Amino acid sequence: MPNPKNKVNLSSVPDLKNATDDEIVQILASKGYTQNFSLIDVRLMLGFASVIVAAAAAGYDYYVGFEKAKPFTAIGVSLYFVLNLAFTAWIMYVEKGTFYQGHKDGKKISVSSSAKKYSPIYNLTVTETTTSSKSSKAAKPFNEFFDSTGYIVRSPLEKWIDGLISSVVQEDDSSAKAKKNS
Amino acid sequence: MLPQLSGANLRQSLTQALNFCLVLTTTFMFWKGLSVVTNSPSPIVVVLSGSMEPAFQRGDILFLWNREARVKVGDIVVYNVKGRDIPIVHRVVRNHVSSKKQLLLTKGDNNAMDDLDLYAHRQYYLDREQEVIGSVKAYVPWIGYVTILLSENLWAKYMLLAGMGFLAVLQRD
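Chains U and D, in that order, give the protein sequences. Mind the numbering: the first sequence is residues 1 to 182 in my numbering, read in order. Mind the numbering: the second sequence is residues 1001 to 1173 in my numbering, read in order.
I should point out that these hints are in silico values taken from the structure, not numbers from a laboratory. What you are looking at is a predicted structure, and each value in this text was computed from that prediction instead of being measured. Treat the hints loosely; a few may be bogus.
Unchecked claim - Derived SDA-like pairs: lysine to any residue, alpha-carbon spacing no greater than 20 Å straight-line: (1) Lys-7/U / Asn-1009/D; (2) Lys-70/U / Pro-1041/D; (3) Lys-1107/D / Gln-1123/D; (4) Lys-7/U / Val-1169/D; (5) Lys-31/U / Asn-1009/D; (6) Lys-68/U / Ile-1133/D; (7) Lys-5/U / Ser-1042/D; (8) Lys-68/U / Ser-1042/D; (9) Lys-70/U / Ala-1069/D; (10) Lys-104/U / Asp-21/U; (11) Lys-1082/D / Asp-61/U; (12) Lys-1072/D / His-1121/D.
To be verified - Have a look at the derived ranges for each label pair, beta carbon to beta carbon: (13) Val-1169/D / Lys-96/U: 20 to 26 Å; (14) Ile-52/U / Ile-1148/D: 32 to 38 Å; (15) Lys-96/U / Val-1081/D: 54 to 60 Å; (16) Asn-9/U / Leu-1034/D: 22 to 28 Å; (17) Leu-1034/D / Ser-167/U: 49 to 55 Å.
Said to hold, decoys possible - Far from chain U, by Cβ distances over 10 Å, these chain D residues were calculated: (18) Gly-1033; (19) Ile-1044; (20) Pro-1054; (21) Val-1097; (22) Met-1159.
Beta carbons are placed, not taken as given, at the ideal position from N, Cα and C, and that holds for glycine.
Start from the sequences and build out the full structure, keeping to the hints where you can.
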């Protein structure tokens, strides 16, 4: 059943981190969480805005020639680097490793991760963002949820994130009872 | 659940497409920025012929500056003859200057004759403002030979671009 396309290069920390992030997104979707894309959308909009500026400057310069287009090219170049700076600042200071935001039963959570270069440890943080902004940070080496051939194994990862979520999300009595009965 | 996942998948594809585009646009914008700063439509050129030997060899990379209102006799300039695409790198050997414009005669160091035959029909001088795209201020020997190979083998250029794009898409960090 494992799809050969999903095989991860066990020697590449970025590949391992990205595969784990993707798997967690799928786990949360299967648990009924609805993903909130606003963080990703702002990043995409900033990035594509700068691409459009570059394309417009390129097109105008190609069309009317260097001399005529010069003032607009200068504006385009400055605008491009401002947008690019904003794009980078967004990723570094606002997103800060957050790869999932979502909600379920009125509770919102934010999940971020990091992995240091050449380090086999995956750092995971789950933050409750509706009210308390309580966050739970944990670290596990990648080998606890990857098998030796490079495929990710869902169950230990799922158990781990379940634990982290329940430690930050205060469930009120009615939903806890409903869960016990189902 | 399925519509949710395809929203995430769409954004993942968009993110990868964006990363690919940003490689191209950032490179291009640096080039255009350099162009604006130096006031030259092509601030970096590759020497294509041996007409300036021993000063410059085929494959040398030249860095141009085009903000001098008047160039001096003895400077090496790059110019495009009206209507032709290929830039020529030669030395200024004679000039006529007035407050309105500067007319130049150029010659390759390694050529027996001056550039009169290279100019357009009935054109006897180059106009510094109209045809000169910069004077050479610095150079790096040899490295431009790769671009000569690329322009003479069309498929090599496409292979290089395809390879760069492919790598950018594969690396997701």
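Structure-based check of all given hints:
1. Simply put, Lys-7/U and Asn-1009/D have alpha-carbon atoms about 18 Å apart, close enough for the 20 Å limit, and the pair holds.
2. Restraint check for Lys-70/U and Pro-1041/D: satisfied, since their Cα atoms lie roughly 9 Å apart, inside the 20 Å limit.
3. Of the supplied pair hints, the one linking Lys-1107/D and Gln-1123/D holds, its CA atoms being roughly 15 Å apart against a limit of 20 Å.
4. Pair hint Lys-7/U plus Val-1169/D holds up; C-alpha atoms about 17 Å apart against a cutoff of 20 Å.
5. With a C-alpha separation of about 18 Å, the suggested pair Lys-31/U and Asn-1009/D falls inside the 20 Å cut-off, and the hint holds.
6. Restraint check: the Cα-Cα separation between Lys-68/U and Ile-1133/D comes to about 15 Å, which is no more than 20 Å; the hinted pair holds.
7. Restraint check for Lys-5/U and Ser-1042/D: the C-alpha separation of about 44 Å exceeds 20 Å, so the hint is violated.
8. The hinted pair formed by Lys-68/U and Ser-1042/D meets the criterion: a straight-line CA distance of about 15 Å does not exceed 20 Å.
9. Taking the CA atoms of Lys-70/U and Ala-1069/D, the gap is near 17 Å; set against the 20 Å cutoff, the hint holds.
10. A threshold of 20 Å between alpha carbons decides the hint, and for Lys-104/U with Asp-21/U the separation of about 19 Å falls inside it, so the pair holds.
11. Between the alpha carbons of Lys-1082/D and Asp-61/U the distance comes to roughly 19 Å, so the proposed pair stays at or under 20 Å and holds.
12. For the hint linking Lys-1072/D to His-1121/D, the alpha-carbon distance of about 25 Å lies beyond 20 Å, and the restraint is violated.
13. A beta carbon spacing of about 25 Å between Val-1169/D and Lys-96/U agrees with the range 20 to 26 Å that was offered as a hint.
14. Separation of Ile-52/U from Ile-1148/D is about 34 Å and conforms to the stated range, judged on CB atoms against 32 to 38 Å.
15. Remark: the range hint 54 to 60 Å for Lys-96/U to Val-1081/D is upheld by a beta-carbon distance near 56 Å.
16. Here the CB-CB span from Asn-9/U to Leu-1034/D is close to 37 Å, at odds with the stated 22 to 28 Å.
17. The beta-carbon spacing between Leu-1034/D and Ser-167/U, approximately 54 Å, falls within the hinted interval of 49 to 55 Å.
18. The beta carbon of Gly-1033/D is not kept farther than 10 Å from every beta carbon of chain U, the shortest such distance being approximately 4 Å.
19. Chain U leaves Ile-1044/D outside its interface by the beta-carbon criterion, the shortest separation being 14 Å against a cut-off of 10 Å.
20. Separation of Pro-1054/D from chain U is adequate, the least Cβ-Cβ distance of about 32 Å exceeding the 10 Å criterion.
21. At the 10 Å boundary, the C-beta of Val-1097/D stays outside the reach of chain U, the nearest C-beta of that chain being 21 Å off.
22. Once the 10 Å rule is applied to beta carbons, Met-1159/D is consistent with being away from chain U; the minimum gap is 23 Å.
Comparing the model with each numbered hint stated earlier shows that hints 7, 12, 16 and 18 do not hold.
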